[in-house]
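Trainee: Those sequence lines, one after another, are chains A and B. Under my numbering, think of the first position of the first sequence as 1, with each following residue one higher. Under my numbering, think of the first position of the second sequence as 1, with each following residue one higher.
A couple of the hints might just be wrong.
[What the hints assert, rightly or not] Below are the BS3-like pairs computed for lysine-lysine, each with C-alpha atoms no more than 30 angstroms apart in a straight line:
hint: 1; chain 1: A; residue 1: K266; chain 2: B; residue 2: K105
hint: 2; chain 1: B; residue 1: K105; chain 2: B; residue 2: K388
hint: 3; chain 1: A; residue 1: K266; chain 2: A; residue 2: K352
hint: 4; chain 1: A; residue 1: K163; chain 2: B; residue 2: K217
hint: 5; chain 1: A; residue 1: K299; chain 2: B; residue 2: K266
hint: 6; chain 1: B; residue 1: K352; chain 2: B; residue 2: K383
hint: 7; chain 1: A; residue 1: K388; chain 2: A; residue 2: K352
hint: 8; chain 1: B; residue 1: K166; chain 2: A; residue 2: K166
hint: 9; chain 1: A; residue 1: K390; chain 2: A; residue 2: K211
hint: 10; chain 1: A; residue 1: K336; chain 2: A; residue 2: K105
hint: 11; chain 1: B; residue 1: K388; chain 2: B; residue 2: K341
hint: 12; chain 1: A; residue 1: K211; chain 2: A; residue 2: K352
hint: 13; chain 1: A; residue 1: K299; chain 2: A; residue 2: K336
hint: 14; chain 1: B; residue 1: K38; chain 2: A; residue 2: K145
hint: 15; chain 1: B; residue 1: K266; chain 2: A; residue 2: K266
hint: 16; chain 1: A; residue 1: K217; chain 2: A; residue 2: K390
hint: 17; chain 1: B; residue 1: K328; chain 2: B; residue 2: K117
hint: 18; chain 1: A; residue 1: K341; chain 2: A; residue 2: K145
hint: 19; chain 1: B; residue 1: K176; chain 2: A; residue 2: K266
hint: 20; chain 1: B; residue 1: K348; chain 2: B; residue 2: K217
hint: 21; chain 1: A; residue 1: K145; chain 2: B; residue 2: K299
hint: 22; chain 1: B; residue 1: K217; chain 2: B; residue 2: K328
hint: 23; chain 1: A; residue 1: K341; chain 2: A; residue 2: K299
hint: 24; chain 1: A; residue 1: K176; chain 2: A; residue 2: K211
hint: 25; chain 1: A; residue 1: K266; chain 2: A; residue 2: K176
hint: 26; chain 1: A; residue 1: K166; chain 2: B; residue 2: K266
hint: 27; chain 1: B; residue 1: K348; chain 2: A; residue 2: K166
hint: 28; chain 1: B; residue 1: K266; chain 2: A; residue 2: K163
hint: 29; chain 1: A; residue 1: K266; chain 2: B; residue 2: K163
hint: 30; chain 1: B; residue 1: K352; chain 2: B; residue 2: K381
hint: 31; chain 1: B; residue 1: K388; chain 2: B; residue 2: K348
hint: 32; chain 1: B; residue 1: K381; chain 2: A; residue 2: K176
hint: 33; chain 1: A; residue 1: K299; chain 2: B; residue 2: K145
hint: 34; chain 1: A; residue 1: K38; chain 2: B; residue 2: K145
hint: 35; chain 1: A; residue 1: K266; chain 2: B; residue 2: K299
hint: 36; chain 1: A; residue 1: K38; chain 2: A; residue 2: K117
[Unchecked claim] Sample of chain B residues with no beta-carbon within 10 angstroms of chain A, all distances over it, derived:
hint: 37; residue: K30
hint: 38; residue: G92
hint: 39; residue: K139
hint: 40; residue: L141
Hints listed in this document are in silico derivations from the structure and should not be mistaken for laboratory results. All C-beta atoms, glycine included, are put in the ideal place defined by N, C-alpha and C.
Protein chains: 2
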Amino acid sequence: MISVAVLGYGTVGSGVVEVIENNNAEVSAKAGEEMHVKYILDLRDFPGDPYEDRVVHDFRVILEDPEVSIVCEVMGGVGAAYQFTRQALEAGKSVCTSNKELVAKHGAELLELARTKNCSYMFEASVGGGIPIIRPINKALTAEKIESIIAILNGTTNYILTKMEKEGADYAQTLKQAQELGYAERNPEADVEGHDACRKVAILSSLMVGKNVDSEKLYTEGITRITPADFEYARAEGMTIKLLATSVGYEDGSILAMVAPTMLSKEHPLAAVNDVYNGVFVTGNMLGDVMFYGKGAGKLPTASAVVSDVVDCARHIGRSSIVCIWDKEEAKLIDKAETEKAFFVRVKAIAKDTVCKLFPGGHFVEAGRSEDCGYITEVMKEKDFAEKCKELGENLLNEIRLA
Amino acid sequence: MISVAVLGYGTVGSGVVEVIENNNAEVSAKAGEEMHVKYILDLRDFPGDPYEDRVVHDFRVILEDPEVSIVCEVMGGVGAAYQFTRQALEAGKSVCTSNKELVAKHGAELLELARTKNCSYMFEASVGGGIPIIRPINKALTAEKIESIIAILNGTTNYILTKMEKEGADYAQTLKQAQELGYAERNPEADVEGHDACRKVAILSSLMVGKNVDSEKLYTEGITRITPADFEYARAEGMTIKLLATSVGYEDGSILAMVAPTMLSKEHPLAAVNDVYNGVFVTGNMLGDVMFYGKGAGKLPTASAVVSDVVDCARHIGRSSIVCIWDKEEAKLIDKAETEKAFFVRVKAIAKDTVCKLFPGGHFVEAGRSEDCGYITEVMKEKDFAEKCKELGENLLNEIRLA
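Okay, chain A solo, but in the shape it has when bound (with noise of 0.2 angstroms):
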C-alpha cells in the first residue's frame, strides 16, 4: 500500500485525489502496488466533501507518519511550499509538484536535496500541463544533445492570440472574453506579460543544458502590444503570431533563452497549436524535430501529471528515480543583442521611404492597408536592429520577431 498525502486541496489538489481515487486501476498496476491519499493539507475544513475525514491542517502530522511515502505539492507559491518540500525530502519522503514558480526558482537544490535522501523530486506538471515533456527530456530523449525547444507554454495568451487572429478582434476586448470565460485570471499580469511562459522556459532550459538557468535573467516580452492589423500583415505573409518561448543550446554550453511574441510561418507544426493548446517542439541533433502537444492546464490534465510523477515514486521506493542533470551553476547566457534574426515592422503610412532606406534587404508586406504599412527586415543583428529602429521614432507602431 502506498499512502500518499497532498498539500493544497485547490483545483490541482483536488484533481490529484480525482484521478488517484477513479482511475484507482490504472495507477495501482502501474505504481505495482495500491495507492491511496492518506491526507489532505489545507487551512480550510470541507464538510460534505467525500474525503473530508482525510484532511489535516498541521503539515507535521504527515510528516511524522512513517506510511507516507509520496507527498504532492500543489500549493503553489515559494514560501510555506518551500518549507514543506524541503522537510518531505529531509525525511525522506518523495515530492511531486506542479508548481512552477519553486521549481525554477529551487528545482537544483531540491533535486539534490533528493538524491542525498534516496527520494524524488518531480515536476512534470510544472510544464506543459498534462502534456509530458519533463519525462520524455529526461527519460525518452536519452540518446540526444538537444539543439533547441521552441514551445508555446502558457494557454490563456494561446488562447487570446488565437481569437484575435481567427475574429480580428482587439487584445483588450478578446482578455476580457477569455476572463469571463475563466481562461485568463482577472489579475492576467503573469500570463500576458509572458512571465509564466518564462519561468517555464527557464525549467526546460536548465535541464537541456544540465546547469540552472535563472527565469529573472531571460528576457521576456508579452502579447499586450499585438494588433489585429499585425496579424492582418502575418496572413498575407502566410504567417500566424504565437507567444513563443525559446531556448537555443551553442557549442560551448551557452544558452539563449527568452519568450516574445514571434511571426512564424503556418506551415510550422507550432503554427497549428490554438486556444488553450501548448506546443512544445524539440530539435535534437540525432532525432531531428518532434513535437509534444496537448493541454497545458485545467485541473484534470494537471493532476494526472502529477500523478504520473506519483506513480514513478511509487516505483522507486527506498531510492531516487531522478535521472535529469540540473546543476546548481550557472548556465552561461547568450546576450540577445548579437544576435541575428528578421523582424517585422509596422510604421506609419508617411514612414514608407524610411524603412526601406533603413532596411535596404527588406520586403513590403501587402496586406491592403492605408492606414500603416508592413515590412519584414533582412536578417541582422538584435542590436542593429534596435539602432535603426530608434531613427523611426515615433512612426514606428509595432515590432515583432520572426521565428
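Fit chain B to the given chain A structure using the hints.
Mentor: Only chain B this time, still in chain A's reference frame:
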C-alpha cells in the same frame, strides 16, 4: 562500463553505433556509466569501416561474453531475430529493438521472458521511429485510462498523400517519385497497403488494453484507391485525407483497431502532420488529448530511439525496467461492421439522385466537378453502409470513412 552488442549492421544498426559513439558524453551521463559498442554482428565484413574490428559473425561470441549486458536487435524479420532475442533474454541480457514485426508477433512472450530473467525487452523504435511514444504511454501516461489512439504511423504513405493533396498529382505518379527519392521501397506493398501501420497500431493497442492484439486480425486498407478527385472534395469540405491507424477502447476492455484512409477536418492536429512525419494522437480519460509528432523513420531518428532504450536498460542492470502490461491473453476485438461513422462517397454523375435517396441524412459536397459527384452520408453502421453501397453498383467510384 556498459558493453553493448548490435545485431545487424544495416541502416539502423550503423545509426545505433553512430549515436552511441557521437553522443557518447550525453549517453554515458544519462546511463550513469560509460557506454561502448563491443560487438557488431553481421554476416558481412566491413573493410575500412571505423568499427570493422568490432564485427563478429557468430552470435555465440556475444551470448557467451558476460560483459555484454545489452543487445540491440536491428536485423528485422521474425526468424534469426526471434531466436537471438530469446537466447539473449534467457542469458539475462536486455534486448532493445526496432523490429516491429517481431514485437507485434511475439511481444507478450518476450516481455514475459525478460521479466522472469530480470532483464528488459524494449521497443521504443518499433513505433513512430524517433518519436517517443512507447515510453510516454508506459511511463508518462500512467495516471490515465487511455480511451483512444488515432495515429499517422507510416511516413511513406503520408508523404504520398501530402504530395497528392498539395500538387493534385495521382497516386501512381507520386509513388514513383517517392521511390526515386528513397521515401518508398521498390516493393512498396507493406507501406501502401497499410500492413506496416497495422503492425504498429497492434503494438500500441496491446499496450493500451494490456492484452495481446493480433495484427493479422485487424481490418487494414491501404491508399492505392485514393485519387486527386477525392482530395478535391475533401478540400471543398475543409478536410484532408490521411492513412489513419485507430484504436478505440470500450468499457468492457474490448477494442476496435483498424487502418484505413480517412477524411478528417483540417482543424484536427493530425491534419498538420505532413510529408514523412508521423503523429500519434492519444486521448486519456483525465488529461484529454495529447499528440506526439516527429520523424517516423530514418536512420538516426530510429537509432536514437533504440539508444534511448539502451540507456533505460543500462540504468536497470540486474533488474527489469519493464513497466508495461501486455499479457498473452488475446484482447477482445470489436467487429467494425457494428460500429458507426459517416462516409464520403464519390459516385458517377448519373447516380446523383440515387445517392441522396440511399442516404437521406447526408449532403452533397460542392467541388465544381461535373465528371462525378461527392456526397457525405449520415452517421450509420458500417454494415448498413456496405449494404446500401451494393445498390450503387459500378456507379460507386470511391468510399472513404470520416474521422
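Trainee: Does each hint fit the structure? Answer for all of them.
Mentor: Evaluated hints:
1. A:K266 - B:K105: It is violated: about 41 angstroms lies between the C-alpha atoms, which goes past 30 angstroms.
2. B:K105 - B:K388: Judged against 30 angstroms, a Cα distance of about 36 angstroms means the pair is violated.
3. A:K266 - A:K352: Holds, at roughly 26 angstroms.
4. A:K163 - B:K217: Measuring from Cα to Cα gives roughly 45 angstroms; hence the hint is violated.
5. A:K299 - B:K266: 28 angstroms, holds
6. B:K352 - B:K383: 22 angstroms, holds
7. A:K388 - A:K352: 14 angstroms, holds
8. B:K166 - A:K166: 24 angstroms, holds
9. A:K390 - A:K211: 36 angstroms, violated
10. A:K336 - A:K105: Given that 30 angstroms is the threshold and the Cα spacing comes to 22 angstroms, the pair holds.
11. B:K388 - B:K341: 14 angstroms, holds
12. A:K211 - A:K352: 46 angstroms, violated
13. A:K299 - A:K336: Not satisfied, since the Cα-Cα distance of roughly 36 angstroms exceeds 30 angstroms.
14. B:K38 - A:K145: 23 angstroms, holds
15. B:K266 - A:K266: 13 angstroms, holds
16. A:K217 - A:K390: 25 angstroms, holds
17. B:K328 - B:K117: Status holds; Cα separation ~17 angstroms.
18. A:K341 - A:K145: 23 angstroms, holds
19. B:K176 - A:K266: This hinted pair holds, its Cα atoms lying about 29 angstroms apart.
20. B:K348 - B:K217: Judged against 30 angstroms, a Cα distance of about 33 angstroms means the pair is violated.
21. A:K145 - B:K299: 16 angstroms, holds
22. B:K217 - B:K328: 15 angstroms, holds
23. A:K341 - A:K299: 38 angstroms, violated
24. A:K176 - A:K211: Cα-Cα ~39 angstroms, so violated.
25. A:K266 - A:K176: 27 angstroms, holds
26. A:K166 - B:K266: Answer holds: K166 of chain A to K266 of chain B is near 15 angstroms, not above 30 angstroms.
27. B:K348 - A:K166: Not satisfied, since the Cα-Cα distance of roughly 37 angstroms exceeds 30 angstroms.
28. B:K266 - A:K163: 18 angstroms, holds
29. A:K266 - B:K163: 18 angstroms, holds
30. B:K352 - B:K381: Distance ~22 angstroms between K352 of chain B and K381 of chain B Cα, so the pair holds.
31. B:K388 - B:K348: Holds, at roughly 16 angstroms.
32. B:K381 - A:K176: 44 angstroms, violated
33. A:K299 - B:K145: It holds: about 16 angstroms lies between the C-alpha atoms, which stays within 30 angstroms.
34. A:K38 - B:K145: 23 angstroms, holds
35. A:K266 - B:K299: 28 angstroms, holds
36. A:K38 - A:K117: 22 angstroms, holds
37. K30: 4 angstroms, violated
38. G92: 21 angstroms, holds
39. K139: 6 angstroms, violated
40. L141: 7 angstroms, violated
In summary, the structure is inconsistent with hints 1, 2, 4, 9, 12, 13, 20, 23, 24, 27, 32, 37, 39 and 40 from the numbered list given earlier, while agreeing with the others.
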